[in-house]
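Visitor: What follows is each chain in one-letter form.
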Amino acid sequence: MRIVIGEGSCGIAAGAHKVYEAIEKLGIKPDVTGCIGMCFLEPIVDIYGENGELVRRLVRVTAGDAEKIVTAVKNGELSLLDSITISADDSAFLEKQTRIALRNCGVIDPTDIDAYISRGGYSALGKVLKMTPEQVIDEIKISGLAGRGGAGFPTWFKWNAARQSVSDTKYLICNADEGDPGAFMDRAVIESDPHNLIEGMLIGAYAIGAKEAVVYVRAEYPLAIVRLEEAIRQAEEKGYLGENILGSGFSCHMRIKAGAGAFVCGEETALIESLEGKRGMPRLKPPFPAQRGYNDEPSNINNVETFANVAWIINNGGEAFAAMGTENSKGTKVFALTGKIRRGGLVEVPMGMTIRDIIYDIGGGIRGDRECKAVQLGGPSGGCIPSDKFDTLIDYKELAATGAIMGSGGMVVMDDTTCMVGMAKFFLDFTAKESCGKCVHCRIGTKRLLEILDRITKGEGKDGDIELLEELCVAVKDGALCGLGQTAPNPVLSTIRYFRDEYEAHINEKRCPTCECADLVTYYIEAEKCKGCTLCSKKCPVSAISGDVKQPHIIDMDKCIKCGQCKSVCRFDAVFVR
Amino acid sequence: MCKCNCENSDLTLLEDVLNKYASVKGSLITILQKAQDIYGYLPVDVMYHIAAAVGTTPAEVMGVATFYTQFRLQPVGKYLIMLCQGTACHVDGSERIETAICEHLGIKDGETTQDGLFTLKNVACLGCCSLSPVMMINGETYGSLTPDKAISVLEELRKESTE
Amino acid sequence: MEMIKIKINSKECVGQKGQTILDIAKANGIEIPTLCHHESVKLYGACGICLVEGENMPKLMRACSTVASDGMVLYTDSERVKKVRAVALELLMSDHEGDCKGPCTLNCPAGTDCQGYVKQIALGNDREAVKIIKDKLPLPASIGRVCPHPCETACRRTKVEEPISIAYLKYFAADRVLADNPYIPQPEKSSGKSVAIIGGGPAGLTAAYFLALKGHAVKIYDTMPKMGGMLRYGIPEYRLPKKVLDAEIAEIASVGVEMINNVKIGADITLAQLREENCAVLVAIGAWKNTGLRCKGEELDGVMGGIEFLRHVALGEDAKIGNKVAVVGGGNTAMDACRTAVRLGAEKVYVIYRRTRDEMPAEKIEISEAMEEGVEFKFLTNPAEIIDENGKVTSVKLQVMELGEPDASGRRSPVAVEGKFETLEVDNVICAIGQKVNVAGFEEIELNRWGIISADEKYFTTSLEGVFAVGDATNKGASIAIDAIGEANKAASVIDGYLNGMDTPYVAPVLSKREPEDSYFEQFEKAERIKMPVRPAEERKHDFKEINLGFEEEKARAEAARCLECGCHDYADCKLIRYADRYRVDTCKLAGEKHQCFTEKRLEVIERDQGKCILCNLCVRACREDAKQGILGLVGRGFGTVIRPEFNKPETIHVCADCHKCVDVCPTGALKLLK
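Protein chains in written order, with our numbering: chain R, 1 to 578; chain U, 1 to 163; chain V, 1 to 675.
Chain R on its own, in the form it takes in the complex:
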């Protein structure tokens, strides 16, 4: 039997490596794999049988479980592990998924190229090198693959444009600057299956005629960079990368460029500026990168998930990919399901699934059985979809019609305790901070949107503020230079569209319906419920709570900073907010 530990960033953060060390200490060297996507259960330890089949999946494992695991494995008494084995209910998380981009994630050892090859890896590359670039582009066209970074532009079209541009030097660039807060699909792919990305990129490079490929990775993903570096080294060693690949005469070199912390570099022209060592400020389009991009040469840029689909398409045929999904959205899409969801993690589903299915069937519904209010898609560029629209299909057009976007895959679930004005403010705070500062509409526009939202959440909203927000939003969308600015107003417009009543409550009644806006709420202790345990008074950081032992306590409103500590520590539910 083989013990395999999921060591993605999430798993490690949850303590996977401590488990690894504990098991290793007991004499069994476990294998390592990437992220299976069930983040809510990390750290996860899989036990495989002699025939390579998964026999047990252990969840929320701690280093203290190591001895039990080692004993069980050594003695073949897996029933010892029942208490930490995944429940049937949680197993449902994977059952409704269709995994293409994530097919190897959490299954193979990402640090071992042979593990990838043994699952059919690099066979698509071999196949492609016997095709013409035009045939490759045609296959991608048949598949209907569209950019998974957010905009959903047909991949073949971009490849073809770069192919058509005449130049000795062309570049293929992978956008791994995954910056949407709440999205981590790309990181999982690189950390868990780096060769899948390399192979997809090589196929793209061959198709457009690029001899140089660059992966622009977020600085915040150190593990992904390490794994990818190692994978590139191994691929070079095996002759999949470098000069005269597999004897085909096609050469391509690949390198990594680490970003330095700027969300806007996810915009392709800003990314190019950054690659060139400059401030990541977007360029005017046209010229498009396919005409004049990195180093002023034709360049093609796709994101990680897009490339992660390519090898599968070549191996299984564009038709097979196109068989999944809806009329205008083909294949699968990966989402990072987070927020107030019971089972959060990475989810890959065929296009055409409903949001409801993802949230309830895969995600298991809302944490704490609260009311689901909305789901936020597309992060700071996207919008929210209220619960009465959960039958909307995962489809570029359908989602856009709701005011949200497919986006790169961040899916944040919100329950009835989330203030939607606060949510819009959160995203504007993000875009305002991440605005590069070049164009007026974004630089000052997002700042002003944020200020207006801020005053609304502080109870200083004025009559006409909603209309002012709307007016400003429309102008920023129209006037901003790049995608960041053009989409920055979406979270505001979409929350106004579906939750106008919450805005009105803040402005007209100076009331936050969810009691989330600190300036609009007061904390108080209900005397009948308070047992006088003094815990809240001890925890209060500003000593605003007084009262004798076993006597009801009182909060001094003048001192209270509304941090909510008292409410969270009270064991008798005696602290209320209104």
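Wrong hints could be hidden among the right ones.
[Stated by the list, open to error] Once the Cα atoms are required to be at most 20 angstroms apart in a straight line, the calculated SDA-like pairs of lysine to any residue come out as:
no.: 1; chain 1: V; residue 1: 59; chain 2: R; residue 2: 493
no.: 2; chain 1: R; residue 1: 285; chain 2: V; residue 2: 54
no.: 3; chain 1: R; residue 1: 397; chain 2: R; residue 2: 152
Derived by calculation from the structure, the hints in this document are not laboratory data.
Position chains U and V against the provided structure of chain R, taking the given hints into account.
Guide: The following block gives chains U and V in isolation, referenced to the frame of chain R:
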């Protein structure tokens, strides 16, 4: 040469980096990243030196160094607390964690404690959304934080550093 | 060269293949505004002002960078384009802080470019100064002497020590030019249109001057023997010598204004007749009636109005005053009346004022000069009854007052001290407590509830078609001359538009304003304000000769050089403010946090004003691409981005003096060449 006499960094430490990258077009960000690894931050004289080495203007280097959040123009504390500001962390109350840390250490985002031990920095999503709210200190991730938990982590570290 | 055809705002335009929309538009005489584009540097695309809309194109296009293609149909002025431009400008203005105009100009009711002419005076260009003044008011020598100068009230030099002596500098320059080589502009060629102006006071004269310069035939009708209105009949000779006024009126006549005196409307000629004969009529009849005292005895022999008294004296008539004169009121008319009474030989002259000296609306200098001339001020008193003997005034009974709570205007209201009175023996009581409009002859025109002509504030129109009205006779009633002059100037341009069949209301220009921190003023060395030399009180109180002696040249130039030059040096050329005005943006609509305002001379020869920078990045690009220096750079990102010289260290920079390409391309006044 330092033109401002405000710092006196050992520029020889940069030699290897510059030998490798200075002549490679578009390597400014990489060089700055390596320089920061060496010096812990980007001293002004180092930036002047880099500008001269790669053949660009100090204004350009300053422009790049102040554009990206990764670069620091001031030394940071022994422990760099990177507090995740991602959506999931926000929804799960990262603001309360920030308030608690700020209250506890007496610093604001971007500041360093007087003893030079802690620097607090709000950062974009760290990608550990299912463990939200999350902070990362010197490469170690701490998830599912509560204000109490965050403070006890800091106190642990403080103890460690004095031992 | 391949040519293409595109349509911009329905106009067929021809251009070369590969040209941008902006270039083709420009070549075809269509202006597309832009703030961040300049031929000398590469495209940037930041400002979003040049956006245009294309038919069947979902997104707006940046005209500066979008290459036109054959058959494009574009709109540069669609509602969507106007909106997105206006918002861009509103956003820019929300983070742009500079004084487009100095506080002096802003506080001048006529909008006179005080900073402009003071500067010319400092430089020794008096004629240039007068030219600037006459752009707003045609009576600089007269107004310079008598104006209560709201400009000086607003002058920021006060925060260093004392305001610039703006009004007297005007008087200084105007006198010199008048004596030397009068500045009389050339009127435009005749329009064939005629305007009748009723009233030859400052308002009527001003409107006449500007309308005549526009080529219209202008006639002024006035009921008095000579032109000048209150300047002649309300202001005593010792303040404004009538030969100065005569000379300036002659200048106005010389641009083609016909002046007809001794005409009483309603008696000699009717308003209807004037309307019949002219394309437009302007009513500028002033406020020539005294407000009564409303106390017992006000109808007695020996009681008269201030205006009436001054008019008698100006006309050379016997003012019929005795030895003891009491003047009631605290304004400038009261001061004129009491000092005139002194000059007529009254032995005892009192001023009765119900508040204290601090609350007096009269000019401070007038009060102190009156005191020097022996006038006795009875503060905190109010006439309760005028007492007579056989119908002739013998004394006035004064109610003693005290100051109570501040009223709406912020002045503390006087309250009677019950039962406390005193009595002054007097022969005359002159009341100068207010003026009313005499509307006889103008009964057809609608009046407001105070019996004053009601005129539109933007169009200056009355209830009668083609009849306009300005000055003391309208709306809020009597005010200072410069107020009437300001209205007259604005009305002249509205009337000019009306005569040309256009609808051109007066609209205040869109401006940016700034209030510097007190610390800003610490950098200036103190320099004493010049004092107007005057004749000694003992000498001047016996005659009507002008009491001011005028500035010596050297001192005047030095005084002018004290100006802090608050207004932006680049106002005339500022593209931002020009566009903001064109799109009528509301500068406060999107108000929020601003960049910190400060000026820096880090580049030694170039002064940079952070508050005015709009981050178009032109200076950075010009320095890098055109000048090949790369001294300037962007620092930070997002809203906090600023433009800085390298590492904030100026020592290394010496090349700027010869180059200053950054200053040349700056679309606002953020950069200024110091030498």
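Visitor: Each hint needs a verdict: does it hold in this structure or not?
Guide: Taking the hints in turn, this is what the structure says about them:
1. V/59 to R/493: 18 angstroms, holds
2. R/285 to V/54: Holds, at roughly 16 angstroms.
3. R/397 to R/152: Holds, because 10 angstroms separates the two Cα atoms, which is no more than 20 angstroms.
Violated hints for the displayed structure: none, as all numbered hints are satisfied.
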